[in-house]
Amino acid sequence: MSRYHLAELNIGTARAATDSPEMADFMAGIVPVNALADAAPGFVWRLQDGDGPGATALRPCGPDIMVNMSVWENLESLRDFVYRTGPHLDFMRRRRAWFHSMAVPYLVLWWVRAGHLPGLDEALSRLDLLRRDGPGPQAFTFRDPYPPPVPAEAAGVHL
Amino acid sequence: MRAAGASGIVGFRIILVTEISVIAVLDDPVRRRLYDYVSARGDGVSRSEAAQAAGVGRTLAAFHLDRLAEAGLVEVTFARPAGRSGPGAGRPAKLYRRAAAEHHVSVPPRDYRTAAELLAEVVDLTGAEPELQRSARRRGAASGRAARRQAPGQPDDDLVTGALTAQGYQPYRDGDDVRLRNCPFHVLASSHPPLICGMNLALLEGLLEGAAVPGLSARLDPRPGECCVVLASKNNEH
Numbered sequence: 001m002s003r004y005h006l007a008e009l010n011i012g013t014a015r016a017a018t019d020s021p022e023m024a025d026f027m028a029g030i031v032p033v034n035a036l037a038d039a040a041p042g043f044v045w046r047l048q049d050g051d052g053p054g055a056t057a058l059r060p061c062g063p064d065i066m067v068n069m070s071v072w073e074n075l076e077s078l079r080d081f082v083y084r085t086g087p088h089l090d091f092m093r094r095r096r097a098w099f100h101s102m103a104v105p106y107l108v109l110w111w112v113r114a115g116h117l118p119g120l121d122e123a124l125s126r127l128d129l130l131r132r133d134g135p136g137p138q139a140f141t142f143r144d145p146y147p148p149p150v151p152a153e154a155a156g157v158h159l
Numbered sequence: 160m161r162a163a164g165a166s167g168i169v170g171f172r173i174i175l176v177t178e179i180s181v182i183a184v185l186d187d188p189v190r191r192r193l194y195d196y197v198s199a200r201g202d203g204v205s206r207s208e209a210a211q212a213a214g215v216g217r218t219l220a221a222f223h224l225d226r227l228a229e230a231g232l233v234e235v236t237f238a239r240p241a242g243r244s245g246p247g248a249g250r251p252a253k254l255y256r257r258a259a260a261e262h263h264v265s266v267p268p269r270d271y272r273t274a275a276e277l278l279a280e281v282v283d284l285t286g287a288e289p290e291l292q293r294s295a296r297r298r299g300a301a302s303g304r305a306a307r308r309q310a311p312g313q314p315d316d317d318l319v320t321g322a323l324t325a326q327g328y329q330p331y332r333d334g335d336d337v338r339l340r341n342c343p344f345h346v347l348a349s350s351h352p353p354l355i356c357g358m359n360l361a362l363l364e365g366l367l368e369g370a371a372v373p374g375l376s377a378r379l380d381p382r383p384g385e386c387c388v389v390l391a392s393k394n395n396e397h
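So the protein lines, in turn, are chains A and B. Going by this note's numbering, the first sequence opens with residue 1, and the numbers climb by one from there. Going by this note's numbering, the second sequence opens with residue 160, and the numbers climb by one from there.
Don't read these hints as lab results, they were simulated from the structure. Computed from a prediction, not measured in an experiment: that's the story for all the values here.
Beta-carbon label-pair distances, calculated as ranges:
no.: 1; chain 1: A; residue 1: 76; chain 2: B; residue 2: 238; range: 24 to 30 angstroms
no.: 2; chain 1: B; residue 1: 201; chain 2: A; residue 2: 31; range: 33 to 39 angstroms
no.: 3; chain 1: A; residue 1: 145; chain 2: B; residue 2: 317; range: 41 to 47 angstroms
no.: 4; chain 1: A; residue 1: 13; chain 2: B; residue 2: 298; range: 29 to 35 angstroms
no.: 5; chain 1: A; residue 1: 119; chain 2: B; residue 2: 177; range: 48 to 54 angstroms
no.: 6; chain 1: B; residue 1: 202; chain 2: A; residue 2: 136; range: 37 to 43 angstroms
no.: 7; chain 1: A; residue 1: 41; chain 2: B; residue 2: 202; range: 20 to 26 angstroms
no.: 8; chain 1: B; residue 1: 280; chain 2: A; residue 2: 97; range: 17 to 23 angstroms
no.: 9; chain 1: B; residue 1: 249; chain 2: A; residue 2: 146; range: 43 to 49 angstroms
no.: 10; chain 1: B; residue 1: 280; chain 2: A; residue 2: 13; range: 18 to 24 angstroms
no.: 11; chain 1: B; residue 1: 373; chain 2: A; residue 2: 151; range: 55 to 61 angstroms
no.: 12; chain 1: B; residue 1: 272; chain 2: A; residue 2: 100; range: 25 to 31 angstroms
no.: 13; chain 1: A; residue 1: 41; chain 2: B; residue 2: 333; range: 20 to 26 angstroms
no.: 14; chain 1: B; residue 1: 186; chain 2: A; residue 2: 31; range: 51 to 57 angstroms
Think of the CB as a built atom: it goes at the ideal place given N, C-alpha and C, for glycine as much as any other residue.
Model the full structure from these sequences, guided by the hints.
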């Protein structure tokens, strides 16, 4: 077991209200796609709220901006779910019908200690960091990934 | 600037020479038949199977397969015959499968990959995916109509597999469905999955539409090492 897990946050500006016909397919897909995530190898945790499916009722960044946050055992398990699971890949293919494109990063990845469940403040500060400094060990993307931190007790030990 | 430019040209020549010698290994009809067979199979292929498929003897097939392996075009694994293990089980058999590496040669030098990566990045940033999907669908439909025109009386199945083979997808039957062993856009599909897989799906939807093949529908169903699209038989839909 690795000491670190991978946390992921992504945000999107919806094109219409969640109860509008434009968003109907997205809202209908949330529950089955989340169920696939929950059953996926390497899945640890995802953010949920009591009011809507998944985290769709949470609006920490503004009234139209939806958030999605989860924790995975490693980068490969998250990548497999996001890009190699048919229904999720199909969801992503259709995202422009539901969400505006953004000129700034809208997805951030970072390592957390296994067992730690990040809060939205922590997640949004990682996204700010990515937007300000670009990808680095504290905040990165699928295209520019960074390895988990080396634990202090292991650093500098020569075998 | 001049020096950098000159060393760039030298670097390009070295890559070009290496790539040419790899591809030159395929300049033999038997070897090409063997490569096509191994490449389209997906799983490990034994010498006897490859020899039979290429219509040559086992020794000749073994010679050519090993040349392909030396060039890095196919990879070799070893497997014991089923049901036998331990001492006395005999030597493990050599199995051949297509290598993952890609080889490109363009004479004179052309670099479409960099252009494609930049364009993909911009489509991503500007959210032009719906337009990309519409264009891809139109293009797929045009290729489907062309295939239908060339062979108006051909059964749907043969028409589709023929068109897909010509476009490099390496189609194969999986029950009533058609699956695609090869992704023709592999590098871009790895760097921009939703964008390129969505484009590819639209191309194939267009192909089925243009060729007027009502019995199959294209959908995303990625499997490791294969194309992200399956052409699913409508007989299986409930």
